[in-house]
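Number of protein chains: 4
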Amino acid sequence: MSNLYRFGISLDKDLIDRFDNHIRLKDYNNRSEAIRDLIRDELVRKQWQAGDEVAGAITMVYDHHKRELANKLMDIQHDYGDTIISTQHIHLDHHNCLEIIAVKGSAKNVQHLANKLRSQRNVNHVVVNMSTTGKILT
Amino acid sequence: MSNLYRFGISLDKDLIDRFDNHIRLKDYNNRSEAIRDLIRDELVRKQWQAGDEVAGAITMVYDHHKRELANKLMDIQHDYGDTIISTQHIHLDHHNCLEIIAVKGSAKNVQHLANKLRSQRNVNHVVVNMSTTGKILT
Amino acid sequence: MSNLYRFGISLDKDLIDRFDNHIRLKDYNNRSEAIRDLIRDELVRKQWQAGDEVAGAITMVYDHHKRELANKLMDIQHDYGDTIISTQHIHLDHHNCLEIIAVKGSAKNVQHLANKLRSQRNVNHVVVNMSTTGKILT
Amino acid sequence: MSNLYRFGISLDKDLIDRFDNHIRLKDYNNRSEAIRDLIRDELVRKQWQAGDEVAGAITMVYDHHKRELANKLMDIQHDYGDTIISTQHIHLDHHNCLEIIAVKGSAKNVQHLANKLRSQRNVNHVVVNMSTTGKILT
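Residue numbers (my numbering), protein chains in the order written: chain A, 1 to 138; chain B, 139 to 276; chain C, 277 to 414; chain D, 415 to 552.
The set of hints was computed from the structure by calculation and includes no laboratory data. Certain hints may be false.
[Unchecked claim] Dumping the calculated DMTMM-like pairs for lysine to aspartate or glutamate here, alpha-carbon to alpha-carbon at most 20 Å:
hint, chain 1, residue 1, chain 2, residue 2
1, A, K13, D, D426
2, D, K530, C, D303
3, B, K164, A, D79
4, B, K164, C, D328
5, B, K151, C, E309
6, B, K204, D, D507
7, C, K384, A, D27
8, A, K46, D, D434
9, C, K384, C, E329
10, D, K530, C, D317
11, A, K135, A, D17
12, D, K549, A, D14
13, D, K530, D, D489
14, D, K480, D, D507
15, A, K26, D, D455
16, D, K549, A, E33
17, B, K242, B, D217
18, B, K242, B, D155
19, D, K518, D, D466
20, A, K13, C, D339
21, D, K486, C, D303
22, A, K26, B, D179
23, D, K440, C, E309
24, A, K46, D, D431
25, D, K427, A, E33
26, B, K254, A, D27
27, B, K246, D, E456
28, C, K411, D, D426
29, A, K13, D, E456
30, A, K135, D, D431
31, D, K480, C, E309
32, A, K66, C, D290
33, A, K135, A, E33
34, C, K392, D, D466
35, A, K46, D, D441
36, B, K184, C, D296
Isolated chain A (complex conformation) (with noise of 0.2 Å):
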């Protein structure tokens, strides 16, 4: 898995510095690292785009005092039954449900489960978390 490589770049050294303040607020011990996330965020944004295969989270609130939304809603997930991994429930207060749908598949296949889960009556917020099966991320 890890097969390092070590190139030398060229930067302005003001910039270099700037992104050095930047990244240190950030929280990153270097560079590479630093250099290796921005590189990682494009290819993901890419993989998405080009409707590659991805993975990653369906977040959904909902109220799960209508009875027949959660027995639609696991309809619907059970439809998707190939592209969901697992589900992960959770009690915000008495009414609000957070549900959070892991899943993995094409990246068509998930934004059609979220615009299914979206379009619900009582389904009040639904967001796709857009990241990877890692195989591009080595």
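Once you have looked at the hints, place chains B, C and D on chain A.
Okay, now just chains B, C and D, sitting in the frame of chain A:
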């Protein structure tokens, strides 16, 4: 919780025709629900910008073979015990783990925690899923 | 152009109260206008994703002291003559220029042009402002 | 202005191979330039979040047949005379105008100006192009 309020809005006919067409493709049953979701997204964005209390998920991909990493990530999570609700762990392949941390707290604390995790060596990707405790979404 | 269509929508009272408060801070006079803008933003985002005909601006910051750069940037702009409408040039300081290129064409061509400009040495920053020809916004 | 500084970074071989492939498609000549742009984007994002002095463009689409609108937009722009550098105006079609306002000032003022314009009736779309005065980019 449900205290429905009905009111009228005026839009150009062409605009609403295009919107109707768009939301049909996104699986909405009617305009009220689609407009409600646009409004909620706007309010949730504002909550995160304002640093209010929020809920959401941090998604992280890392290589669990680096044993010290797992311990380090555990330590960091314990430092943010007030912000973290629970964690879901998925084995993506022989090397890569997908860990999804359900969070609730100030937007600032959630971002700090994400920065802390992202800056660790061998943590390959970190994203924050910005959702809400649901209180603004009634 | 104006063919106003009036219809009713139903939202939770608390949600609409929060929205009213939010749009007052953003200088809106009434809900219809604020909701119309949320709808337009959604449709414009979709246009850019779908690769439709779009309009917008490419903003670029560069150091004009690199004379070959100015010529090179001119050459590139001529290659995209069908996409570029006109250019506005501002002298930010002794070194830095802000150049804003008004564009109209396929989303893909606009992105290609932006990539081409961004990849030039001594072009310091390039962003694409995604707007619309207005046809969808009536 | 140019005070090039050379340093080494270490990345996994597979990651840098994927990055090389990606930047070739985006027309970059070499890694230093592509990495420099990722760093600049990060610093510009931070400038806007921190409310520093910024430069950029506000793009606006509106229907010029509404004569009072043109006057109103002019008045607003005069109120923000310190922030606005110049304006470029394009006739998209019989009805729609694309107006691009070059701006320089505090991020907050630029956002206020954009809100003010967006909230006008018959202004169809407003977006802010977040760039920089170039001082951080050397």
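Do the hints match the structure? See the list:
1. A/K13 / D/D426: It is violated: about 25 Å lies between the C-alpha atoms, which goes past 20 Å.
2. D/K530 / C/D303: holds, 6 Å
3. B/K164 / A/D79: With Cα atoms ~17 Å apart, B/K164 and A/D79 stay inside 20 Å; holds.
4. B/K164 / C/D328: holds, 18 Å
5. B/K151 / C/E309: Roughly 14 Å separates the two Cα atoms, so the pair holds.
6. B/K204 / D/D507: violated, 60 Å
7. C/K384 / A/D27: violated, 37 Å
8. A/K46 / D/D434: Satisfied, since the Cα-Cα distance of roughly 14 Å is no more than 20 Å.
9. C/K384 / C/E329: holds, 9 Å
10. D/K530 / C/D317: holds, 16 Å
11. A/K135 / A/D17: Violated - the C-alpha atoms of A/D17 and A/K135 are around 32 Å apart, more than 20 Å.
12. D/K549 / A/D14: holds, 10 Å
13. D/K530 / D/D489: holds, 11 Å
14. D/K480 / D/D507: holds, 14 Å
15. A/K26 / D/D455: Satisfied, since the Cα-Cα distance of roughly 16 Å is no more than 20 Å.
16. D/K549 / A/E33: Between D/K549 and A/E33 the Cα gap is close to 25 Å, so the pair fails against 20 Å, i.e. violated.
17. B/K242 / B/D217: Holds: B/K242 and B/D217 sit about 14 Å apart, inside 20 Å.
18. B/K242 / B/D155: violated, 39 Å
19. D/K518 / D/D466: Distance ~11 Å between D/K518 and D/D466 Cα, so the pair holds.
20. A/K13 / C/D339: holds, 16 Å
21. D/K486 / C/D303: Since the Cα atoms of D/K486 and C/D303 sit roughly 14 Å apart, the hinted pair holds (cutoff 20 Å).
22. A/K26 / B/D179: violated, 27 Å
23. D/K440 / C/E309: Given pair D/K440, C/E309 is violated - Cα atoms ~39 Å apart, limit 20 Å.
24. A/K46 / D/D431: holds, 15 Å
25. D/K427 / A/E33: holds, 14 Å
26. B/K254 / A/D27: At roughly 6 Å apart (the allowed maximum being 20 Å), A/D27 and B/K254 satisfy the hint.
27. B/K246 / D/E456: holds, 18 Å
28. C/K411 / D/D426: violated, 48 Å
29. A/K13 / D/E456: holds, 17 Å
30. A/K135 / D/D431: holds, 13 Å
31. D/K480 / C/E309: With a Cα-Cα distance of about 16 Å, the restraint between D/K480 and C/E309 holds, given a limit of 20 Å.
32. A/K66 / C/D290: holds, 18 Å
33. A/K135 / A/E33: OK: A/K135 and A/E33 at ~18 Å, within 20 Å.
34. C/K392 / D/D466: It is violated: about 28 Å lies between the C-alpha atoms, which goes past 20 Å.
35. A/K46 / D/D441: Distance of about 15 Å is within 20 Å: holds.
36. B/K184 / C/D296: holds, 14 Å
Of the numbered hints listed earlier, those contradicted by the structure are 1, 6, 7, 11, 16, 18, 22, 23, 28, 34.
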